[in-house]
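J.: The residues making up each chain are set out below.
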Amino acid sequence: MKIPSRRTLTIVVVVVLVIAAGVASWWWMRMPPYEPAPPTKEFALGTVEPPCPDLHPSWRPSQVIDDVTIGESLDCEPDNPALVAAVVKGTNNVSHTTLMDSGLAMDAVVLENDRDGDGDPDVVHIKLEVAELNGRSPEVNFPVPTYSIAPGIQPGFWTFVPKPHGMATKDIYSMAASPLLRMPSPTIRVEAGDTVRVTLENTHYLPHTIHFHGVDHPYFLDNPLHGEHRGNDGVPETSHAATLPGESFTYELTPRQTGTMLYHCHEQPPVHVMMGLMGIFVVEENRPDNWVQTINVGAGQVRHPAAAIKERYASEYDLLYQEVDRDLGDAIKAANDPRLIGKATTSGFDITKASSEYFLLNGYSFPYTIRDSLIVVEPNQKVKLRMANGGDDRSIAIHTHGHKLAITHYDGIEQNPSAWITRDVFDLAPAQRLDLVLDTTDDGLHSYGQGVWMVHDHREKALTNDGVFPGGSMSLIVYKPYLRENGLPTLHGVDLKPFFTKEFYQRKFPVWASYDRDRMLVEPESVPPSLMGALSLAFLAGLALGGVGLAGYHFGRTRRVGR
Amino acid sequence: MRRARLACLCACLTVVLFPACQQAAEEEAKPAAAAPPPAGQPTPKLRLPEGQHVHHQHEGMDMDLDGAVMNENTEKLPQDCPKIAGDVEITVKAGKKYARQYPGKMFSYDRNEWEAGPCTRVKLTFINEDPVRHQWMMHGLPMYLYPQAMFHIEVTGPAQKTGTFILPSTKRTYFVHCDIAQHMEKGMKGQLKVAGGDGDLLSIPGIVGDRYPDRYEVGDWGWPVALGAGFAGLLGAGLMFWFGRKADQPGPSEAP
Ligand SMILES: [Cu+2]
Chain A
1 MKIPSRRTLT
11 IVVVVVLVIA
21 AGVASWWWMR
31 MPPYEPAPPT
41 KEFALGTVEP
51 PCPDLHPSWR
61 PSQVIDDVTI
71 GESLDCEPDN
81 PALVAAVVKG
91 TNNVSHTTLM
101 DSGLAMDAVV
111 LENDRDGDGD
121 PDVVHIKLEV
131 AELNGRSPEV
141 NFPVPTYSIA
151 PGIQPGFWTF
161 VPKPHGMATK
171 DIYSMAASPL
181 LRMPSPTIRV
191 EAGDTVRVTL
201 ENTHYLPHTI
211 HFHGVDHPYF
221 LDNPLHGEHR
231 GNDGVPETSH
241 AATLPGESFT
251 YELTPRQTGT
261 MLYHCHEQPP
271 VHVMMGLMGI
281 FVVEENRPDN
291 WVQTINVGAG
301 QVRHPAAAIK
311 ERYASEYDLL
321 YQEVDRDLGD
331 AIKAANDPRL
341 IGKATTSGFD
351 ITKASSEYFL
361 LNGYSFPYTI
371 RDSLIVVEPN
381 QKVKLRMANG
391 GDDRSIAIHT
401 HGHKLAITHY
411 DGIEQNPSAW
421 ITRDVFDLAP
431 AQRLDLVLDT
441 TDDGLHSYGQ
451 GVWMVHDHRE
461 KALTNDGVFP
471 GGSMSLIVYK
481 PYLRENGLPT
491 LHGVDLKPFF
501 TKEFYQRKFP
511 VWASYDRDRM
521 LVEPESVPPS
531 LMGALSLAFL
541 AGLALGGVGL
551 AGYHFGRTRR
561 VGR
Chain B
564 MRRARLACLC
574 ACLTVVLFPA
584 CQQAAEEEAK
594 PAAAAPPPAG
604 QPTPKLRLPE
614 GQHVHHQHEG
624 MDMDLDGAVM
634 NENTEKLPQD
644 CPKIAGDVEI
654 TVKAGKKYAR
664 QYPGKMFSYD
674 RNEWEAGPCT
684 RVKLTFINED
694 PVRHQWMMHG
704 LPMYLYPQAM
714 FHIEVTGPAQ
724 KTGTFILPST
734 KRTYFVHCDI
744 AQHMEKGMKG
754 QLKVAGGDGD
764 LLSIPGIVGD
774 RYPDRYEVGD
784 WGWPVALGAG
794 FAGLLGAGLM
804 FWFGRKADQP
814 GPSEAP
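Note that the protein sequences, when read in sequence, are chains A and B. Numbering of the first sequence is given in this note's numbering, commencing with residue 1 and proceeding in unit increments. Numbering of the second sequence is given in this note's numbering, commencing with residue 564 and proceeding in unit increments.
A few of these clues could be false.
[Unchecked claim] Which chain B residues face chain A? A few, computed with CB under 8 Å, are given here:
no. : residue
1   : M669
2   : E676
3   : D777
Derived by calculation from the structure, the hints in this document are not laboratory data. Built from N, CA and C at the ideal position, the CB exists for glycine as well.
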């Protein structure tokens, strides 16, 4: 066979290229025929959790237990009134039934000794344990005990817990954490001038301390419970070594000043504070017959406000905002050996490269926030909010819809009323506290009238659960006529059902699928692969491959002939 | 063995298999209706009690500042026991120090396995050596004698408590643990065997391993490992070579 010359080959290649260019430009310039776009996908909702399980309707009304008056709490998940009674009267003073119903140990909150004879106890002894939520088990491959901040979302946490009795789970049939074991660490509330002993009973497998942030406490204790001279500041590097697993340590303080403060673990704070070991600490004014609610589990509404608060306000709420680094929390799910977890949460963790995926208000993210963190109001009321930032970002920016609130205290210090600032975005640096007065007078300034008004962090990422809106630390100011019997607000917007499925937060259910009636915005179906396209692509590839082969053959041949 | 494992996981399986059970438990957990505030009367005034009452005794629960014994049973016979076969005393010590012998654990008991005969009456003394709470909680007892099928001692700090229970006649391994968050996972787990038991449970320190064990860093290869691996490689290569040569040799039928 005669081998085509190099010139002939070049001509063939050029002609083929010109024809291809012609076909391509015709294809580009022609009027495209109409082909319908793929139809809309069909979606089914996953299992929808009941928005309000409504387990304890009898807990909502105002009631008296063991002579303790417990205020009304209309949330879906009101605080357990027996627990409130036990921490107001003291676990050493309440009846057996109340103590059993509270879930607390008999020595959890010991109240005694009315030193000034004003009708309330002045020596307070609180015992706190450290509990791990959503930890690892060598026997099963799901987190134990389970604590969900939103449907299907269970980050790892460490939290302070008022000393319980009995099991860490709800009952023997469930792996869900008992109601005392939750985020955030509980609010501690005492009267100014009380002698307060806080014992850290370290039930956890890593060292911890308690540092009282902003609360008046002596740096050294010269005559403490154990009769020795030792540090009392909770900072391992300056004050005293951290409390090792299975050991205990008692702090003692007699706070002289009132205000909204904090307490938190100071061992490895970049990890331990972010894991959840932080709570609000409130010092109330000393008044006669002032039995304060020593512990507020899960923060939120105070069902037995102190005397001075009751005088001035219709109700009181503790609001602790926190953020969660999922990867840090995963460290306790990756291993069971405390040495491995200890390494992963010290030298194995770099907070400068950390990011937050979840944003909590009082231990929950939306939609669970509407179960126990609503601010329920009536017109012409004054409501006290104690707001704290437990997060690590530069600041949070809490915005109240429909209301402008006055800042009465910064970091627990009362401002002269002439210096009160009224605004609708509250920026709080990490660890900062604001006391706010929510005035529901409908004057177009303090309130725009009754309704269901959102309260949310205006850093828009804090409106999401790992980037999925709606989520995060948002809550609601709800006027009573808008509150249903089960504690959920009457809402006039979209169906909330999708938000009560874990599939929604796994990005499996399109955002508008539940109410886009005409299905014009829901995701399209995928397109079937085109046979013609695949064949022509393969044919072209074959041509190219053949061309290369031919050129190579030709090159070799001419060289051999030339020799 | 398999049955024993199932028993150990009963807590989590039951929630899947018998949601009705769970509901019943929740019903039970609801407190008695609280008294409404007396209408038109001043709210009651709180007073510190004169004398401290420091002991509660109530429906299967005996509690004081040192801790609690739940579902104590000194007399009631299990249906399958004609009489008490005998009395045994078991002392269990609990604390961080007992985990020292098990690397990677943090809390444990002085022993993690106990034996008892069928229908024996066990007097169990639980000594807590740590200044934090620990428990000895035993599951799987007959429900008609022990509410929630368990016998439980909790000691709130360095102290001790004693309680008694009567075992049924069945040959069985009972699941014992401390139900404080992460205490069982970090070593506070044991098993009580009646008549030799019907197998072992998972994750008993010193006795049974983990279903989901930890993974540890693998160290550098020492010279014995390297030498051994090299030798194994040479052996494999030699074998292949030998087989190849055998296959190359002409069979008898095609002899030249
Ligand atoms: Cu324990």
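J.: Would you mind marking each hint as holding or not holding in the structure?
T.: Cross-check of the supplied hints:
A cut of 8 Å between beta carbons decides the hint on B/M669: the least distance to chain A is about 4 Å, and the hint holds. Of the supplied interface hints, the one on B/E676 is violated, with its beta-carbon coming no nearer than about 17 Å to a beta-carbon of chain A, more than 8 Å. Using the Cβ-Cβ criterion of 8 Å, the hint placing B/D777 at the interface with chain A is satisfied: the shortest such distance is roughly 5 Å.
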